[in-house]
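These are the residues of each chain, in order.
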Amino acid sequence: MEAGLPREGRAGQAAPAGFREASRRAVQDPALREAIRRVTFNLGARRAQVTGELPHFDALREQAKRLKEHTLAHLDQYLEQLEAAVRSRGGHVHWARDAEEARRCVVRICQEAGARRVAKSKSMVTEEVELNRALVQAGMEVVETDLGEFVVQISGDRPSHLIAPIIHKPREDVARLFSEHLGTPPDAPVPVLTAAARAHLRQAFLRADVGITGANFLVAETGTVVLVENEGNARMVTSLPRVHVAVAGVEKVVPRLADLAVFLPLLVRSATGQRLSAYVSLLTGPRTAGELDGPEAFHLVLVDNGRSRLLRDPDLREALQCIRCSACLNVCPVYERAGGHAYGSVYSGPIGAVISPVLAEGRGLGDLPFASSLCGACLEVCPLRIDIPRMLVALRARAAAGPQARWEARLAKLTGWVLQHPTLYRWGSRLARLVEPLVRVQGRSRINWGPLGAWARSRDLPRLAPHPFHRRVRR
Amino acid sequence: MTAREELLAALRAARETRDPGLPEPGPPERAEPYRRQLQEDLVGHFTRRAEELGVQVHRIPEGSVAAAVARLCEGKATYVEPALDFLTPALRERVCLVDWERLPEAQVGVTGADYGLAESGTLVLWARPARPRSGSLLPPVHVALLREDRILVDLFDLLQRLGTSAETPSAPGERRWLDVLPTGLVLATGPSRSADIEMSLAVGVHGPGTVHVVLLPGGQEWPGGLAKESSARWEATRTGGGR
Numbered sequence: 001m002e003a004g005l006p007r008e009g010r011a012g013q014a015a016p017a018g019f020r021e022a023s024r025r026a027v028q029d030p031a032l033r034e035a036i037r038r039v040t041f042n043l044g045a046r047r048a049q050v051t052g053e054l055p056h057f058d059a060l061r062e063q064a065k066r067l068k069e070h071t072l073a074h075l076d077q078y079l080e081q082l083e084a085a086v087r088s089r090g091g092h093v094h095w096a097r098d099a100e101e102a103r104r105c106v107v108r109i110c111q112e113a114g115a116r117r118v119a120k121s122k123s124m125v126t127e128e129v130e131l132n133r134a135l136v137q138a139g140m141e142v143v144e145t146d147l148g149e150f151v152v153q154i155s156g157d158r159p160s161h162l163i164a165p166i167i168h169k170p171r172e173d174v175a176r177l178f179s180e181h182l183g184t185p186p187d188a189p190v191p192v193l194t195a196a197a198r199a200h201l202r203q204a205f206l207r208a209d210v211g212i213t214g215a216n217f218l219v220a221e222t223g224t225v226v227l228v229e230n231e232g233n234a235r236m237v238t239s240l241p242r243v244h245v246a247v248a249g250v251e252k253v254v255p256r257l258a259d260l261a262v263f264l265p266l267l268v269r270s271a272t273g274q275r276l277s278a279y280v281s282l283l284t285g286p287r288t289a290g291e292l293d294g295p296e297a298f299h300l301v302l303v304d305n306g307r308s309r310l311l312r313d314p315d316l317r318e319a320l321q322c323i324r325c326s327a328c329l330n331v332c333p334v335y336e337r338a339g340g341h342a343y344g345s346v347y348s349g350p351i352g353a354v355i356s357p358v359l360a361e362g363r364g365l366g367d368l369p370f371a372s373s374l375c376g377a378c379l380e381v382c383p384l385r386i387d388i389p390r391m392l393v394a395l396r397a398r399a400a401a402g403p404q405a406r407w408e409a410r411l412a413k414l415t416g417w418v419l420q421h422p423t424l425y426r427w428g429s430r431l432a433r434l435v436e437p438l439v440r441v442q443g444r445s446r447i448n449w450g451p452l453g454a455w456a457r458s459r460d461l462p463r464l465a466p467h468p469f470h471r472r473v474r475r
Numbered sequence: 476m477t478a479r480e481e482l483l484a485a486l487r488a489a490r491e492t493r494d495p496g497l498p499e500p501g502p503p504e505r506a507e508p509y510r511r512q513l514q515e516d517l518v519g520h521f522t523r524r525a526e527e528l529g530v531q532v533h534r535i536p537e538g539s540v541a542a543a544v545a546r547l548c549e550g551k552a553t554y555v556e557p558a559l560d561f562l563t564p565a566l567r568e569r570v571c572l573v574d575w576e577r578l579p580e581a582q583v584g585v586t587g588a589d590y591g592l593a594e595s596g597t598l599v600l601w602a603r604p605a606r607p608r609s610g611s612l613l614p615p616v617h618v619a620l621l622r623e624d625r626i627l628v629d630l631f632d633l634l635q636r637l638g639t640s641a642e643t644p645s646a647p648g649e650r651r652w653l654d655v656l657p658t659g660l661v662l663a664t665g666p667s668r669s670a671d672i673e674m675s676l677a678v679g680v681h682g683p684g685t686v687h688v689v690l691l692p693g694g695q696e697w698p699g700g701l702a703k704e705s706s707a708r709w710e711a712t713r714t715g716g717g718r
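Heads up: the sequence lines are chains G and W, in that order. Quick note: the first sequence uses the working numbering, first residue 1, plus one each step. Quick note: the second sequence uses the working numbering, first residue 476, plus one each step.
Rather than coming from a laboratory, the hints here were simulated on the basis of the structure. Think of the CB as a built atom: it goes at the ideal place given N, C-alpha and C, for glycine as much as any other residue. There could be a bad hint or two in this list.
[What the hints assert, rightly or not] Footprint (simulated), chain W over chain G, 3 or more residues, beta carbon under 8 Å:
#1 145-153
#2 224-233
#3 305-313
[What the hints assert, rightly or not] Partner residues are not named here, just some residues of chain G that face chain W (Cβ under 7 Å, in silico):
#4 SER179
#5 LEU260
#6 LEU316
#7 LEU374
#8 LEU464
Construct the entire structure; sequences and hints are all you get.
Dropping the structure here:
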């Protein structure tokens, strides 16, 4: 059912069709809307329950906010501390200014390790920099091992939610895919599909030379990479292959190990409504003498790719506090109707509408700040209380400096002028009643082209009163 | 300029002026009543929270560890981690033991757990030569042995115990926290799970789908990884070198 959505609209590749167009198509797909609603409702309800059970949840939020503000105020220092800690534990640190550098860096690490096979666990930043394409071009065999991401990979699709990548796909689609790729019955139930994926991907884990992960947090004082997951695939790719490469945005760093006690409950409870996810791995450097498993070499790739641009921007730097829990997606009325693909970026939903246009600068995501009703639900649920509506308004204000805005301003001026001249206004309202039957069809505007059409398409055009108010008053 | 220098320079130039200062680590004051409640019945809370997730918790009388483990592994290909070597003579009669090389074929993995967390029913597994990471990961069934007196309140409790800052000047002869942190520390809560396909919960996706916790009475010495050995290293660094 994602067939109607633009596949080329991936940040970093061709320019997306634009949110307006993509969302218009998405809202006409009742199955998609139903699927998204099921997930967002479920996750939202569970979040409410487990955050409610903590009387100090808001105190944790405040603590986390302070920690993030402090860390971002000294981001360069904490990164240097992190680098020193990783090195002292025998790991390697690499720096990538943009997506291209990140790709080249990981490919080089894999090549120098003589790797043929790569197993990946779910990572948004590697989606962001489109790592898989580069690895495949370099001749590597790449397997996504998160169940959802595996489905995304074998169907040539894109993830549509930060933590539930295939919420747009009905079970029947997955069953069909698995019957093609893994030989399961075409109508197999979920447990059978899961078992087939387990068996198939187990071989990928055992054979992989390199395991690639993202990072939920990086601990500056210890050089620790923290991975949060439920399936166990991140544990696999960091335990079995002989090389572990972690790719992470520079904003993931936290000062101390003890700070995880603040961030982990906020992340997990907000994301999936669990008390703790099934597995949290705290990984510090390669294996030491005598250990039977764990990687022999550990590499950390720190990625900027627009993050320092966000940090430099006083209006938007707050967005770097995001821990990618996806709570804002699950409460957003726009996300619920449009789905993740419409955003044309790996980061969808309210936070995606803020960061995507900046991270993927100049790639035609400029209309994302308008993908919001500014209802404020995202601010309310955000564990870091990131003021997303404020940032969306700031981005809109910038967009309003464009040519379309000048046209709107002229129109507003003209309207004001008409309103100040009663005769003109009366003639105008008489004219409107004359043309109304031509323009108005079934309560909608017939004009569906041009800038006016874009505005009118999603709005009702109510019938004009038979007699204008000013005439009734005069009578 | 290298990528590193340029990136750090960009971040330095963007340094935020607003800095509320680094807050004290530890739980917020408002958490105290909630945490005290957990503290009062650590074993009970741990058990309930783990069972809610489908974990089977077994409390056993003193001395019958091997028998309890044997019952859970009866007739199955079982891997026992090196730390629990003391169990193997008793197990050998009733279960089919497999060694490290054949771990991928094992149906059950038996390991110790270094700590438990009462708040979430979590097992804390500390990687080391005698406790490889895969023992609790590859087999579809995980049997974990946990001493009752090793159940902590929550993450704050665990990380504060572990987290003597790397910045803290160490006492002469003491090793810094940075040097003793294990290469892999896993917090395992319930079985492996996924809800990726239509939000329907599937267990055992990659990790074990069945988890048993055998609770050992505290206050006595247990051999292998169940003795105080596992944490002796960092406890040594704490006394004298700690905060």
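Each hint, compared with the structure:
no.	hint	result
1	145-153	holds (count 5)
2	224-233	holds (count 5)
3	305-313	holds (count 3)
4	SER179	14 Å, violated
5	LEU260	6 Å, holds
6	LEU316	11 Å, violated
7	LEU374	25 Å, violated
8	LEU464	47 Å, violated
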